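*Asks:* Counting in my numbering, the sequence shown runs from 1 upward without gaps.
Among these hints, one or two may not hold up.
Said to hold, decoys possible - Pair ranges (Cβ atoms, derived): (1) N134 x T37: 30 to 40 angstroms; (2) F96 x E76: 31 to 41 angstroms; (3) K82 x G154: 36 to 46 angstroms; (4) P16 x D113: 25 to 35 angstroms; (5) L70 x T37: 15 to 25 angstroms.
Unchecked claim - Capping the alpha-carbon separation at 30 angstroms, the derived lysine-lysine pairs in DSSO-like fashion look like this: (6) K82 x K158; (7) K62 x K106; (8) K117 x K38; (9) K62 x K38; (10) K83 x K109; (11) K106 x K11; (12) K158 x K14; (13) K83 x K38; (14) K11 x K38; (15) K11 x K109; (16) K151 x K117; (17) K83 x K117; (18) K158 x K62; (19) K14 x K83; (20) K151 x K125; (21) K82 x K14; (22) K38 x K82; (23) K82 x K117; (24) K151 x K62; (25) K125 x K62; (26) K82 x K109; (27) K117 x K14; (28) K125 x K158; (29) K117 x K11; (30) K109 x K62; (31) K106 x K125; (32) K158 x K38; (33) K158 x K11; (34) K38 x K125.
Derived from the structure by calculation, the hints contain no laboratory data.
On a predicted model such as this, the values are computed, not experimentally measured, just so you know.
Ideal Cβ positions, reconstructed from N, Cα and C, are used throughout, including at glycine.
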Amino acid sequence: MMIRVGIGEYKAAKSPAVISTLGLGSCVGVCLWDGVTKIGGLAHIMLPDSTISSTNSFNPGKFADTALPLLVSQMEDLGANKKRMVAKMAGGAQMFETKFELEMMKIGKRNVDAVRKILYQLNIKIVAEDVEGNYGRSIEFSCETGLLTVKSVGRGVKII
Numbered sequence: 001m002m003i004r005v006g007i008g009e010y011k012a013a014k015s016p017a018v019i020s021t022l023g024l025g026s027c028v029g030v031c032l033w034d035g036v037t038k039i040g041g042l043a044h045i046m047l048p049d050s051t052i053s054s055t056n057s058f059n060p061g062k063f064a065d066t067a068l069p070l071l072v073s074q075m076e077d078l079g080a081n082k083k084r085m086v087a088k089m090a091g092g093a094q095m096f097e098t099k100f101e102l103e104m105m106k107i108g109k110r111n112v113d114a115v116r117k118i119l120y121q122l123n124i125k126i127v128a129e130d131v132e133g134n135y136g137r138s139i140e141f142s143c144e145t146g147l148l149t150v151k152s153v154g155r156g157v158k159i160i
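Starting from the given sequences, assemble the full structure and let the hints guide the process.
*Replies:* In structure tokens, the structure reads:
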């Protein structure tokens, strides 16, 4: 069973589900997995920090600091144990070249850094990643095996 996750969404599922998301540019796809229960989750994170939202009624799935704790909770509701969770991530590219090396323009890198920080705070170890660069990716995560398949145009398929 294939479960699609859209931009700014997060979903958890049990094996044999495969969770996928398309079109990761500067966005980061974060996969969490409990290998004992074979419960996995995927968040398609657009932005690093919800404090930049101009409204109180924002979509928590868009931001690293809000999506990841909610994904952990959703996985726990299915029977996963946070102490056993590991993470894999892909994306966070710099899709467009800028004339100026402005830190605020480096959304991909900022997203990757924010995901690392939040996972560290949640005490979830990152076991594999395919991040940054200047190309887009689409990913599929197997709840059965914990393998993350990363597909990139012109760069083939990588399994991490």
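*Asks:* If a hint holds in the structure, say so; if it doesn't, say that too.
*Replies:* Each hint tested on the structure:
no., hint, result
1, N134 x T37: 30 to 40 angstroms, "37 angstroms, holds"
2, F96 x E76: 31 to 41 angstroms, "38 angstroms, holds"
3, K82 x G154: 36 to 46 angstroms, "37 angstroms, holds"
4, P16 x D113: 25 to 35 angstroms, "33 angstroms, holds"
5, L70 x T37: 15 to 25 angstroms, "18 angstroms, holds"
6, K82 x K158, "27 angstroms, holds"
7, K62 x K106, "17 angstroms, holds"
8, K117 x K38, "25 angstroms, holds"
9, K62 x K38, "25 angstroms, holds"
10, K83 x K109, "27 angstroms, holds"
11, K106 x K11, "26 angstroms, holds"
12, K158 x K14, "23 angstroms, holds"
13, K83 x K38, "14 angstroms, holds"
14, K11 x K38, "14 angstroms, holds"
15, K11 x K109, "23 angstroms, holds"
16, K151 x K117, "25 angstroms, holds"
17, K83 x K117, "17 angstroms, holds"
18, K158 x K62, "25 angstroms, holds"
19, K14 x K83, "17 angstroms, holds"
20, K151 x K125, "23 angstroms, holds"
21, K82 x K14, "15 angstroms, holds"
22, K38 x K82, "13 angstroms, holds"
23, K82 x K117, "16 angstroms, holds"
24, K151 x K62, "22 angstroms, holds"
25, K125 x K62, "21 angstroms, holds"
26, K82 x K109, "26 angstroms, holds"
27, K117 x K14, "26 angstroms, holds"
28, K125 x K158, "20 angstroms, holds"
29, K117 x K11, "21 angstroms, holds"
30, K109 x K62, "16 angstroms, holds"
31, K106 x K125, "24 angstroms, holds"
32, K158 x K38, "21 angstroms, holds"
33, K158 x K11, "22 angstroms, holds"
34, K38 x K125, "17 angstroms, holds"
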